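Asks: One letter stands for each residue in the lines below.
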Amino acid sequence: MVAESNPDKGFGGIDQAFHDEVAQFVSANLPADIARKVDINAPLNKDDYVRWHKILHSKGWAAPSWPVEYGGTDWSLEQRLAFEEICAEHSAPRLPQFGVGMLGPILISRGTDEQRKRYLPKILSAEEWWCQGYSEPGAGSDLASLKTRAVREGDEYVVTGSKIWTTYAHYADRMFALVRTDSSGRKQQGITFLLLDMRSPGVSVRPITGINGQHVVNEVFFDNVRVPAKDRVGEEGEGWAVAKALLGHERTGIARVGFCKKQFALLTRISSRLDITGKRLLDDPVFAQKLAALSADIEILEWTNLRVLEALANNRGNGSEASVLKVIATETQQRITELLFEAAGPASLDLAAADGPLPEEDSAYVSSFYFDWRKASIYGGSNEIQRNIISKTVLKD
Amino acid sequence: MQLSYTDEEMMLADQARRYLQTEYSFEQRRTRQADGGHDPKVWRSFAEFGWLGLAFANDYGGIGLGAVSILALAEEMGRALVLEPFLEAVIEAGTLIETGATPEHAAALIEPIIAGDSIVLLAHTEADARFHPHHVEASATEKGGSIRLSGRKNRIAHAQIADTFIVSARETGGPRDAQGISLFVVPSDRVTIVNPATPLIDGTWASDLVLDGVDIPVSARIGAAGAAAPILEAARHRAILGMLGMSVGSMTALVEQTGQYLKTREQFGQPLSEFQILRHKLADMAIWTERARSAAWLAANALAGVSNTQHTRRSIAVAKAECAVAGRMVGQTAVQLHGGIGTTEELEVGHYFRSLESMGVRLGDRTYHLAEIAGKLGTT
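From first to last, the protein sequence lines are chains H and S.
Positions 0 to 396 (numbering that gives the first Met the number 0) are the ones given, in order, by the first sequence.
Positions 0 to 379 (numbering that gives the first Met the number 0) are the ones given, in order, by the second sequence.
To be clear, the hints were calculated from the coordinates, so they are not data collected in a lab.
There's no promise every hint is true.
[Unchecked claim] When the alpha-carbon atoms are kept at most 20 Å apart in a straight line, the in silico SDA-like pairs for lysine to any residue are as follows:
1. H/260 x S/311
2. H/243 x H/387
3. S/262 x H/387
[To be verified] Just a sample of chain H residues kept apart from chain S, beta carbon distances all over 12 Å, derived:
4. 66
5. 73
6. 196
7. 286
8. 298
9. 301
10. 319
[What the hints assert, rightly or not] Partner residues aside, some chain H positions facing chain S, computed with beta carbon under 8 Å:
11. 109
12. 111
13. 310
14. 314
15. 393
All figures in this text were calculated on a predicted structure; none of them were measured in a lab.
For every residue, glycine included, the Cβ atom is placed at its ideal position computed from N, Cα and C.
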């Protein structure tokens, strides 16, 4: 019985030379302290992210998805996926995607030449750090109901209102934001996409301490903040279309299979510690069955990811693939965090410190990770929103 | 790596879907189920389409297509809930013969299978085996140029229509040893059928077989003496692949039918599809179906490569374990969303559910395959 090959579909498996080049570069250049933090899910700070970003930039790999003329690569979707997964498997951190993954592609497709020249090089070099101003206290899953107001005055917009759940706003130099310039029509109309300076007068940032005791997200307030009109992306009132165009980008980042495998390795390590009688948690049949089911789930995630990306690369699909993938991915990731929490036993009771020296125990951050990762089924369109999209697709036919 | 069907495979699936839509409606299936599932006319059509020779090498008159083609065709058979012994008599028995028999012996057995003239079934499972792949108490004793087979085989699906059995029997070793098992080709008239034609949950019939000192020539042995375990494993893997395909086809049909039902059935003055709680359950059915589809592609890719490696074994165990739970969730939810009518024999839904549960159990249930995976944890 013969095996078919299918070279036309673009997912024939990446070549070994590419794999080796990425793996060798990451192994040789990733600082050990960052790798250790990633391995045990300790929180990373801005310096950690910027250091790794600059190392990738020195190799020309800071923004693989961008066109070569802006400093990107000519990699295929499959190569970009492989790059992310190999990095994750070698304990590299996943860099915050607000600049490279989100704003960059928007500026490349919808920005002005001036905006591209002004902003893209500093995203690439990590000189400027961006945050995303979408969610508001009254606009979560129903994002289009946002109320932050921008009033045109001459060459400027004057912005008043607030944003919430703004990841790393306290690190950011600039924010891309959705603001309301008109409230007369449908709620999706009258939204405008602005780029604003976090150091402008009238911007204030309030930290929000997460369920795990760590500070990652913030609330951001705007009190008559002045934004030059040339920092508007797209036309006034077309911000919703700009934001939606972005949803198609960076699909390679949904599943995070390499990250899941890495976490499973940590779980195996924690479960393999010998107790005084020479037994391991791994030898407990009840726990072993949970681990077996989880390892199967991760493999299903890996193949779902490949199938979805291959379908999207070939313009096949019914429109709900990314939603299916998001649900499977986040539920699998959350299951990993549950079993890590369980494997740690009494050590899961310790609340990890927000700063200070890095603990030596593999299990030091399992609780932090478990509690923190509840966000995964909420952000990026909650899993309930994803189920709405999926059922709509089924009911369409 | 292959992640979607080629044009050729899609044509095969289209051909199968068109034929089964007209010749294998639910009402036609109901009539055939009353006779144990096999309809010689349908089987003849399968032969004419070339489906019975799909996976056999060209040397034997087959088409020589690979694992993904099996998946494509099996999906359509699962969608139509086909009762014919395609997995058992073509994929499973065919793989045994092609993997184990000498070319001459294989040719003699395979050509009538492809033509639709012969139904060959593996008779391996025994009453105390549960899912153990090497549980063989039946004995084979060589004596002066012939072999005497004694033992009992349990719950052999479609046994009532087989002309030939491939019987596993032990030449050496204890009841669960991998070593010592051999396979023998035995005409069905040499075997005593007991508990004949007992109905199974999937709509087919099964029987127990008794071999009461059956003497057969040494030339009836397939492969080397006592070395059948890897041959059985290869056949089991391919049969599981076929079941995964059928399961995915059944789940896909259940998602579609349940969606249609929610749109037409009205309660409290509106279609059921207006209730978000029901839409979300429908979405879960779709998600479980996509998980099962990923499992099927994982298995197909594993079997397209080199067989019998640890990787193949793990892939099959992962796929079978995942597909079992997916089939259960999709089947249960389809019944739930159809309400009272879903719990009756009148509607297709219940038949899909029973078939999915059947495939979840056969060749190892979820617990069995998770234990296989668990046994290797921490070793790589």
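Asks: Does each hint hold? Answer for all of them.
Replies: Hints versus structure:
no.	hint	result
1	H/260 x S/311	holds, 19 Å
2	H/243 x H/387	holds, 17 Å
3	S/262 x H/387	holds, 15 Å
4	66	holds, 26 Å
5	73	holds, 22 Å
6	196	holds, 41 Å
7	286	violated, 9 Å
8	298	violated, 5 Å
9	301	violated, 8 Å
10	319	violated, 8 Å
11	109	violated, 31 Å
12	111	violated, 39 Å
13	310	holds, 7 Å
14	314	violated, 12 Å
15	393	holds, 4 Å
Checked against the numbered hints given earlier, the structure breaks hints 7, 8, 9, 10, 11, 12 and 14 and satisfies all the rest.
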